[in-house]
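There are 2 protein chains.
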Amino acid sequence: MSDMTHLRDARVLPEWVDYNGHMNDGYFAVAFSKATDLLLDEIGLDDAYRKATGFTIYTLGMQIRYLQEVKLGEPISTFCQILEHDSKRIRVWLSMRHTEQGTELATSEQLLLCVDQSGPKAANFPSEIAARLATIGDAHASLPIPEDAGKGIRLKRV
Amino acid sequence: MSDMTHLRDARVLPEWVDYNGHMNDGYFAVAFSKATDLLLDEIGLDDAYRKATGFTIYTLGMQIRYLQEVKLGEPISTFCQILEHDSKRIRVWLSMRHTEQGTELATSEQLLLCVDQSGPKAANFPSEIAARLATIGDAHASLPIPEDAGKGIRLKRV
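Protein sequence lines correspond, in order, to chains A and B.
Note that the first sequence covers residues 884 to 1041 in the numbering used here.
Note that the second sequence covers residues 884 to 1041 in the numbering used here.
Mixed in with the good hints there might be a few duds.
For chains that are exact copies, the list does not tell them apart, and a pair is met inside one copy or across any two.
Straight-line Cα separation of at most 20 Å, EDC-like style, residue types lysine to aspartate or glutamate; simulated pairs [stated by the list, open to error]: (1) K971 <-> D920; (2) K1004 <-> E987; (3) K1004 <-> E952; (4) K917 <-> E898; (5) K1034 <-> E967; (6) K934 <-> D924; (7) K971 <-> D930; (8) K971 <-> E983; (9) K917 <-> D930; (10) K934 <-> D901; (11) K971 <-> E1030; (12) K1034 <-> D901; (13) K1004 <-> D901; (14) K971 <-> E952; (15) K1034 <-> E983; (16) K917 <-> E987; (17) K1004 <-> D930.
Keep in mind the hints are simulated off the structure, nothing from the lab.
Sequences and hints are given; from them, build the entire structure.
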């Protein structure tokens, strides 16, 4: 069975910490977004490719579930699993874990859209990108689907 | 009929803009989080109250739907509607709009938990906070529920 793809290691930065003395909810999204950029690098949609072609990724939706607090300077590692993809879109699951303890700190589910910035307009993934995406998606196909994937936010379910 | 509660006006800051030339997906969460802080002020859970009592709010979940791009320096206004609340939690809907054009740029749904930081542990809202929350919640009860509220992220629904 395949593993999730390791994307990024980081430490909780001073500007990410809020009045509760822990990483602020909004900055989890910043950290997840930086991790997703490395997934885009993996499928070939890196900075050089964006500049050469005008193709990029816009985020349509992001959900974050906060599981554990994490504090200034603590090491975090983010992993991803592609849940679904089609000709224009990727639905991806990210897991942020404490690098040393392995505890899952938060998860994020994201819906990403390929965009031709000459519009900007939604566009099919260029074939070389689609091929790399399919390779990673195929490797992740045997991973279990996280229990919370696809679920919305409701009071009664928490 | 009541209106949504206006929380915060801001402008898109340079550090919020990414390689696509627009507000980065992660920084929408930062902007929404700053707006939510003002809702907490409205219900009395402000900085002075937090320091005096040790009670605060932790975020359990956040979902963002990205509807329109917004660029450096553009003015944004954020409004909120309380969807549900119980003795410990608030489920709130936020709408970010272009201040001048009125276009909805993004929405966020958040699940917030009252925490006694002496644990930290989940706690009932102190009665004075619960009363102010109920007043706002009652005023919002006549607002229509947003169509996407409570829905998860799925490829086929976009």
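For which of the previously enumerated hints does the structure constitute a violation, in increasing order of number?
-> 8, 11, 12, 15
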